[in-house]
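Heads up: the sequence lines are chains W and S, in that order. Letter 97 of the first sequence, counting from 1, is numbered 97 in the numbering used here, and no numbers are missing. Letter 51 of the second sequence, counting from 1, is numbered 51 in the numbering used here, and no numbers are missing.
Think of the hints as simulated: they come from the structure by calculation, not from any bench. C-beta: ideal position from N, C-alpha, C; glycine also. Be a bit skeptical, because a hint or two may be false.
Over the 10 Å line for every Cβ pair with chain S, so calculated as not near, a few chain W residues [as the list claims (entries may be wrong)]: (1) 2; (2) 12; (3) 16; (4) 18; (5) 26; (6) 29; (7) 50; (8) 67; (9) 68; (10) 69.
Computed from the model, here is a short list of chain S residues facing chain W with C-beta under 7 Å [as the list claims (entries may be wrong)]: (11) 49; (12) 51; (13) 53; (14) 102; (15) 103; (16) 107.
A few chain S residues facing chain W, derived, Cβ under 10 Å [unchecked claim]: (17) 9; (18) 32; (19) 45; (20) 90; (21) 113.
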Amino acid sequence: DGGITQSPKYLFRKEGQNVTLSCEQNLNHDAMYWYRQDPGQGLRLIYYSQIVNDFQKGDIAEGYSVSREKKESFPLTVTSAQKNPTAFYLCASTKGTGGQPQHFGDGTRLSIL
Amino acid sequence: AQSVTQLDSQVPVFEEAPVELRCNYSSSVSVYLFWYVQYPNQGLQLLLKYLSGSTLVKGINGFEAEFNKSQTSFHLRKPSVHISDTAEYFCAVSAFIQAGTALIFGKGTTLSVSS
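Just chain S, with the same shape it has in the complex:
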């Protein structure tokens, strides 16, 4: 069965510092991987996705992620964060289930950016 582990539940950083949010996945088949962001009391917004090809994926708001098959990781990075990046971030893997596919989510990482 596929699963996702987000290694940090909370990540506090100062504004303009770099940040990495870590995600490991478990899968015996080819994977599609996603990062989503959630602001308070809102739905999830897609940051970026990995389907195939280049292992470095660029997304919105200056975020990027690197797919590492040997380490089964898909870490999210940003070289310089802003206060407005404060949110919860979810890593997800696409899983084949009965009659279709669904996303398996990690438990989330809360990014807190302070000045």
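Only chain W is shown next, with the shape it has when bound in the complex:
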């Protein structure tokens, strides 16, 4: 079955360390997204990519970086510049624009050691 795979499920970051969250999809979707979820805050957009080798900042991009070298993959790096990285991170994808619903992975929970 097609879907979105996020790994790892749990991740711990040490002070000053960069960590990378993986997101892979086999749905042949063009657009991919990263959201951050904090309790009571809903989902906030970090980065998104509509096509390979192109991506844009969302509402809370500071302290994060991404790449889109392949259609199937959209890894997110949480850099040491992100001072409050503890959150649940969700990756999503969609086929086109407008009315197409987004499909979500099962998330990665990042915590500080």
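Using the hints, position chain S against chain W.
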């Protein structure tokens, strides 16, 4: 700019009772609206969507929602809830942003069903 307001952060109900989760949106253009459900430590699952046509939209697990353009609302309803419906529910609107579209989410409503 488009925005979504979920009017209740928590909704406690008893099993087999009806429930309504309220969502208002703000948009100056035609909208696409969605409801998602999230179970603990999982991703979001699509419940239903409104793109156009009939204002009453039926989704999975017995849920339905009604699009009301004049009141800019998209409330989610279920006539009889089960314990297994306990989860967080998110309303979202599709927004045009630089180089594409994205979903704008409300802050979520936690539905707690007890026996």
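Consistency of the hints with the structure:
{"no.": "1", "hint": "2", "verdict": "14 Å, holds"}
{"no.": "2", "hint": "12", "verdict": "16 Å, holds"}
{"no.": "3", "hint": "16", "verdict": "28 Å, holds"}
{"no.": "4", "hint": "18", "verdict": "24 Å, holds"}
{"no.": "5", "hint": "26", "verdict": "15 Å, holds"}
{"no.": "6", "hint": "29", "verdict": "12 Å, holds"}
{"no.": "7", "hint": "50", "verdict": "4 Å, violated"}
{"no.": "8", "hint": "67", "verdict": "16 Å, holds"}
{"no.": "9", "hint": "68", "verdict": "12 Å, holds"}
{"no.": "10", "hint": "69", "verdict": "18 Å, holds"}
{"no.": "11", "hint": "49", "verdict": "6 Å, holds"}
{"no.": "12", "hint": "51", "verdict": "4 Å, holds"}
{"no.": "13", "hint": "53", "verdict": "11 Å, violated"}
{"no.": "14", "hint": "102", "verdict": "6 Å, holds"}
{"no.": "15", "hint": "103", "verdict": "6 Å, holds"}
{"no.": "16", "hint": "107", "verdict": "4 Å, holds"}
{"no.": "17", "hint": "9", "verdict": "7 Å, holds"}
{"no.": "18", "hint": "32", "verdict": "4 Å, holds"}
{"no.": "19", "hint": "45", "verdict": "7 Å, holds"}
{"no.": "20", "hint": "90", "verdict": "7 Å, holds"}
{"no.": "21", "hint": "113", "verdict": "20 Å, violated"}
Hint compliance for this structure: hints 7, 13 and 21 are broken, all remaining hints hold.
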